[in-house]
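Trainee: Protein sequence lines correspond, in order, to chains A and B. Counted from 1, the first sequence has number 267 at position 232 by this note's numbering; the numbering is strictly sequential. Counted from 1, the second sequence has number 208 at position 83 by this note's numbering; the numbering is strictly sequential.
These are calculated hints, taken from the structure and not from any lab test. Take the hints with a grain of salt, since some may be wrong.
FRET-style restraints, in silico, Cβ to Cβ [claimed, not checked]:
1) C243(B) - Y263(A): 43 to 51 Å
2) E292(B) - K222(A): 52 to 60 Å
3) G321(B) - D253(A): 20 to 28 Å
Below, computed lysine to aspartate or glutamate pairings styled on EDC-like, alpha-carbon distance capped at 20 Å [stated by the list, open to error]:
4) K148(B) - D324(A)
5) K364(A) - E353(A)
6) K310(A) - E71(A)
7) K127(A) - E71(A)
8) K319(A) - D238(A)
9) K148(B) - E243(A)
10) K319(A) - E232(B)
11) K148(B) - D456(A)
Positions of the beta carbon are idealized from the N, C-alpha and C atoms, including for glycine.
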Amino acid sequence: MSAKPGSNRREFLKKSAAALAAPTIVPATVFAKPGEPAPSDRVVVGSIGTGDLGRRHHLNGKLLPNKRIRMAAVCDVDRNHRDQAATDCFTKTGKPVAIYKDFRDLCDRPDIDAVLIATPDHWHALAAIYAMEAGKDVYCEKPLTLTIHQGREMVNAARRYGTVFQTGSQQRSNDRFRLACELVRNKKIGQLQRVDTYINGVDAGVWEPPTTPPPELDWNFWLGPAPYADYSPNRCHYQFRWYSDYSGGKMTDWGAHHNDIAQWGIGADDTGPVKVSGKGMYYKDGPHDVAGEFDVDYTYAGGVTLHCHSSPMDHDLEGIPLGKKEKIKKQETNGVLFTGSDGWVFVSRSMLVASDPKLYDTQFSSDDTRLYVSQDHHENWLDCIASRQRPICDVEIGHRSATVCHLGNIAMQLRRELAWDPQKEQFVDDDQANLMVSKPMRAPWHL
Amino acid sequence: MANINELAKQLGSDDQIKVYQAKQEMVLLTAAAGAPGKDRQRSDMAAEMANCLTTEMPQKDNKGKVSKVPELNARGRSLVSRYLANVGDQSEVAALERAMHDFDVREMARWALARMTCQAATDALAKAAKTGIGDEFRVGAINALAGRSGSSVRETLVACAASPSPEVRLAAAEALACDAEAANDAVLAKVAAGGGKRTGMRVAKARLRLAENLVAAGQKQAGRQIYQQLADGKYDPAQQKAAQAALKHVG
Chain A
36 MSAKPGSNRR EFLKKSAAAL AAPTIVPATV FAKPGEPAPS DRVVVGSIGT
86 GDLGRRHHLN GKLLPNKRIR MAAVCDVDRN HRDQAATDCF TKTGKPVAIY
136 KDFRDLCDRP DIDAVLIATP DHWHALAAIY AMEAGKDVYC EKPLTLTIHQ
186 GREMVNAARR YGTVFQTGSQ QRSNDRFRLA CELVRNKKIG QLQRVDTYIN
236 GVDAGVWEPP TTPPPELDWN FWLGPAPYAD YSPNRCHYQF RWYSDYSGGK
286 MTDWGAHHND IAQWGIGADD TGPVKVSGKG MYYKDGPHDV AGEFDVDYTY
336 AGGVTLHCHS SPMDHDLEGI PLGKKEKIKK QETNGVLFTG SDGWVFVSRS
386 MLVASDPKLY DTQFSSDDTR LYVSQDHHEN WLDCIASRQR PICDVEIGHR
436 SATVCHLGNI AMQLRRELAW DPQKEQFVDD DQANLMVSKP MRAPWHL
Chain B
126 MANINELAKQ LGSDDQIKVY QAKQEMVLLT AAAGAPGKDR QRSDMAAEMA
176 NCLTTEMPQK DNKGKVSKVP ELNARGRSLV SRYLANVGDQ SEVAALERAM
226 HDFDVREMAR WALARMTCQA ATDALAKAAK TGIGDEFRVG AINALAGRSG
276 SSVRETLVAC AASPSPEVRL AAAEALACDA EAANDAVLAK VAAGGGKRTG
326 MRVAKARLRL AENLVAAGQK QAGRQIYQQL ADGKYDPAQQ KAAQAALKHV
376 G
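Modelling step: build the complete structure from the supplied sequences, incorporating the hints.
Mentor: Below, the structure written as structure tokens:
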């Protein structure tokens, strides 16, 4: 029996010693099929949160098609979600998976190596920390957290247990975003002066009267640590993003993507801004109680500023995108614009545009700062599970990026400029703001 | 100047939109009142809000007996408690403590005290942990004590760690792990001994955290001792592995 060094996590030495001692006839199933990993090299995964994103994007889009993964279990507090996810697993693999309502039961299984968490934001910290304490590696959707304090606790748990923890900020596994940040980090646009992120806003939502939760949903469990609220359909299942008890609105939903790229370009993955102020428009009649529109300004030590907008660019972006020949001219609504002393770079999921198209041909030297290369966020996670290296969006990175977003929301709610100490992770001289670094949890939950 | 009493009544409304609007107004007002240098404003607003929690009115029952009941309904008092946490200090703790006697309001009153950092809030939570009705409520108060300092905290948690209720015992053990006090390990060990496999697992996780806190507080020897026991003993592999890694790091 052969194995690549570091590729088999589960007691390989024990098994190989036993195999050597055993008779020489070894079952064929032990060996991998051509082009596929051996069954013992597969990462056994449990999926926690199998609503739309968990099921459509992760389970069906990434986990089930991946030969390096064996799905063992699914978990959701909505019976329809978990049963449908289990059906998907059986349909695609022919093998049944265990079905759980309580993530703790899934995590307590010793045969599960890793979990993917795609629950609403207010559940990320509790589920992730429990999983890490159970010895599982974790992939957790962005935004990593509901509060700054939760992020630090998640980092602490990851370090305590040696967890390979990937935050789902998958833009970092995209060549275009990496190139943009490498251009910035290597001063190809001169000294970086400002970053603008465009992330769109959210509408007011529609009121629905409180009603009895549907029989398939354990509403009390769905609420978990959040304050009690009566059920209405538009409060959960995707719409949770727009209620501050469960999420941080567009600021965290898309801010976790583009402010994360801003942090990458600035080179602030282990720190953050030192000042934040913002204007948020909150709908007069609700029900969405997050900022509908906003402009938030951050200052980093060293003088670089970050401006996070819900509105589109107030000017036309003019330039020739990477891979194209014709100039484009339009107002952008979603993306990251880095402006330096000698030029600019704009990057989004659909394009990279620079002030000088020659920047696309930049040949980086060995003296240049090269950023972490990942071609696929889930593959990177699996690679790191094997190698025990930190993945491209390690938990600290996810925490710092989410913190930028939380700082923005806090500044908007308090309507005043705030000074932030990124080393102590506290506001300077503002007790009230410091209360908002964390949130109490509804009993019996705690970090 | 906003009429806090009217806003509080609006928080208790059956009209969702009116409640929402009152919440938004409360967020604005408490943010302004709680800004640095606005101590008088903060204190005045907090006092008015506390007053909303405690104001009573006479009510006659169907036998003609008159008793005093809160003027503001339970929903209103829950939400006032929530926003009081943004501006309250020790002067408002008594009102929140009183609210904790109402089953329909106590969770939010406890939540508010959990957010307040003054000693009076700590003492109120300690009292709720010891004498509150219902395990879940007591567990909430115990959770809120984790990481707080003061003699009432440790004394309360140690007492709760001996509770007949397994959930209360476990919550107390987990809260004691947040305090860098070497003697807490013996309490945790006792909680583990009194429970089954799941209790043992939860306490092992708590002991790992305790060890980490001890080392961080400069009590390396005490931390190392716990790590060694976890590394050597019959604990689940995740705790053993973490303890072994920590031992290498502590040296």
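Trainee: Evaluate each hint against the coordinates.
Mentor: Cross-check of the supplied hints:
Between C243(B) and Y263(A), the C-beta spacing of about 25 Å breaks the proposed range 43 to 51 Å. Our hint of 52 to 60 Å for E292(B) and K222(A) holds, since their Cβ atoms are close to 57 Å apart. Checked against the given bound of 20 to 28 Å, the beta carbons of G321(B) and D253(A), roughly 25 Å apart, stay inside it. For the suggested pair K148(B) and D324(A), the alpha carbons sit about 9 Å apart, so the restraint of at most 20 Å is met.
Restraint check for K364(A) and E353(A): satisfied, since their Cα atoms lie roughly 5 Å apart, inside the 20 Å limit. At most 20 Å may separate the alpha-carbon atoms for a hinted pair to count; K310(A) and E71(A) exceed this at roughly 51 Å. For the proposed pair K127(A) and E71(A), the alpha carbon gap of about 16 Å is at most 20 Å, so the pair holds. For the suggested pair K319(A) and D238(A), the alpha carbons sit about 12 Å apart, so the restraint of at most 20 Å is met.
Restraint check for K148(B) and E243(A): the C-alpha separation of about 18 Å stays at or below 20 Å, so the hint holds. Between K319(A) and E232(B), the direct Cα distance comes to roughly 28 Å. Violation of the 20 Å bound is thereby established for this hinted pair. Among the hinted pairs, K148(B) with D456(A) is inconsistent with the structure: their alpha-carbon atoms are about 30 Å apart, more than 20 Å.
The structure fails hints 1, 6, 10, 11 (numbered hints given earlier, in ascending order).
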